[in-house]
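This is what each chain is made of:
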Amino acid sequence: MTYLTFLEIALPELWEGTLITLQITLITLIIGFVIGFPAALARIYGGKALGAISTAYTEVLRGTPVLVQLFIIYYGLPQFGVTLPAFSAAYIALGLNSGAYQAEYFRGAIQAISSGQMLAAQSLGMNKLKAIIHIIIPQAFRLALPAWANEVVSMVKVTSIVYLTAVPDLMTKAKMLSSKYFNPIETYLTAAVFYLVIIGILTVVLSYIEKTTRIPGLEMEAEAR
Amino acid sequence: MVEPIIRLDNIHKSYGKDDILKGISLEIMEGEVVVIIGPSGTGKSTLLRCINQLTVPNSGRVWVDGVELTDPKVDINKARRHIGFVFQDVNLFNHLNALNNISIGLKLVLGMPAPNAKEKALLELKRVGLEQKADLYPGQLSGGQKQRVAIARALAMDPRVMLFDEPTSALDPELIGEVLEVMKKLAREGMTMVCVTHEMGFAREVASRIIFMEHGVVVEEGSPEQMFANPQFNRTREFLGKISELYGKHTE
Ligand SMILES: Nc1ncnc2c1ncn2[C@@H]1O[C@H](COP(=O)(O)OP(=O)(O)OP(=O)(O)O)[C@@H](O)[C@H]1O
Ligand SMILES: [Mg+2]
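Just so you know, the protein sequences line up as chains A and B, in that order.
Read in order, the letters of the first sequence correspond to residues 0 to 224 in numbering that gives the first Met the number 0.
Read in order, the letters of the second sequence correspond to residues 0 to 251 in numbering that gives the first Met the number 0.
FYI, nobody ran anything at the bench for these hints, they're computed from the structure.
Beta carbons: idealized from backbone N, C-alpha and C, even for Gly.
Careful: at least some of the hints might be erroneous.
To be verified - Computed spacing ranges between beta-carbons, pair by pair:
{"no.": "1", "chain 1": "A", "residue 1": "111", "chain 2": "B", "residue 2": "74", "range": "28 to 34 Å"}
{"no.": "2", "chain 1": "A", "residue 1": "210", "chain 2": "B", "residue 2": "22", "range": "53 to 59 Å"}
{"no.": "3", "chain 1": "A", "residue 1": "211", "chain 2": "B", "residue 2": "21", "range": "51 to 57 Å"}
{"no.": "4", "chain 1": "B", "residue 1": "39", "chain 2": "A", "residue 2": "126", "range": "29 to 35 Å"}
{"no.": "5", "chain 1": "A", "residue 1": "46", "chain 2": "B", "residue 2": "8", "range": "31 to 37 Å"}
{"no.": "6", "chain 1": "B", "residue 1": "77", "chain 2": "A", "residue 2": "107", "range": "30 to 36 Å"}
{"no.": "7", "chain 1": "A", "residue 1": "44", "chain 2": "B", "residue 2": "231", "range": "31 to 37 Å"}
{"no.": "8", "chain 1": "B", "residue 1": "39", "chain 2": "A", "residue 2": "44", "range": "30 to 36 Å"}
Stated by the list, open to error - Derived coverage of chain B by chain A (criterion: at least 3 residues anywhere in the stretch with Cβ under 8 Å from a Cβ of chain A; other residues may be distant):
{"no.": "9", "stretch": "82-88"}
{"no.": "10", "stretch": "93-106"}
{"no.": "11", "stretch": "130-140"}
Stated by the list, open to error - SDA-like cross-link-like pairs, simulated, lysine to any residue; straight-line CA separation at most 25 Å:
{"no.": "12", "chain 1": "A", "residue 1": "129", "chain 2": "A", "residue 2": "111"}
{"no.": "13", "chain 1": "A", "residue 1": "127", "chain 2": "B", "residue 2": "99"}
{"no.": "14", "chain 1": "A", "residue 1": "129", "chain 2": "B", "residue 2": "70"}
{"no.": "15", "chain 1": "B", "residue 1": "106", "chain 2": "B", "residue 2": "136"}
{"no.": "16", "chain 1": "A", "residue 1": "129", "chain 2": "B", "residue 2": "135"}
{"no.": "17", "chain 1": "B", "residue 1": "132", "chain 2": "A", "residue 2": "113"}
{"no.": "18", "chain 1": "B", "residue 1": "119", "chain 2": "A", "residue 2": "126"}
Please model the entire structure based on the sequences and the hints provided.
In structure tokens form, the structure reads like this:
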């Protein structure tokens, strides 16, 4: 079989897998944001108890392999009678994992904002909540954007571990094709190109967003020119 | 009898074991321009922040415009609306342009509708001579322009008193004049002002009183004439001499 005839069979399969990969990436990032952003706020503004919970969460999830986390949820939870479909297990495991990283990025961004911003808001008569919502959070989002863009790219790659729980993502499709046609080099190189294109497009889109939302003078120290 | 617009009664503040303010009492009448001077680390900023409760004193009481701010039942956010504060490090909101830096307080705190807030913000920018910079972000403004926007931001709230914490000390010498001009104009319009500053030209010109603080206590106070010509304490004379030497050059 020539590479071209192989491609004819493989492309639709890999495309299907790509859509699943994108779907998992997107849902995971959203779950991660929904958990991670409040976790960052809790750690900074939440007082002792909430702060400790948030710290424990981020440290445990960043301190253990994401694959172990996925296996605990997919293979481990059934022991307690909680059996999750492969997709749900992937969303939960990867979402929790991404949440821990996103929490750290947002925490870093919030902490990079000078304490004078809050004081200035309060001196105008804003209460703390209004100041957080209207002064701190918008700046934190802008400051966290570069790190968040890295998380998006990294998540696309991390999702490939779900082939171990039989979710039909890009990696799983590649694995299936390669064992069917005994051509691992062609298959995996093609899959690699797919990943590269996904990440290339996302990178372009994200850096466009970064550029168009740039505010003069508002950037993290490290990215300041 | 006329009530003072700002009254401090026996303010104490300590950080850990360090007593920063050791019982400060002060009465400031409406329309007064009070200049506070003193060596670094003496507690001038701490005192100023105790007035609007950005720093909460350990003991002592503060009244502004008839309201006791140290009363635990008082709505401090509401009280702060009408106490303008200008910071040494400016603290403009970095994600907002000059106009929105001014209008955000009007909208969020005073509940002014957006078009009115914008109109008022433009007016305040004009007052500090920066109406053509409305669209620029803090990162695009010079230090002096930033501080003028910060003053406009405080003025927009129609403050009863204005507190200035070394508003020019972080500025390049050639930018100090424009900020002092705005402050002098304000003083002449009758605004009650408490200014921590070592700009003695400013003090001579508009201050009704100079207060010399050291180690958390008021050492001496008096009119500028009296303080410059005939201070009661050697320490005051010494310090005034030192700052005239340091800051004298660019105060016309
Ligand atoms: N939040 C804080 N925590 C601990 N110590 C503080 C805090 N704020 C101020 N201090 C200390 O209180 C003392 C007085 O500080 P303050 O800023 O009021 O002095 P200052 O007279 O304004 O000095 P400068 O002229 O340098 O601005 C300093 O020793 C400072 O280190
Ligand atoms: Mg100070």
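* Asked: Among the hints numbered above, which are violated by the structure, and what are their numbers in rising order?
  -> 7
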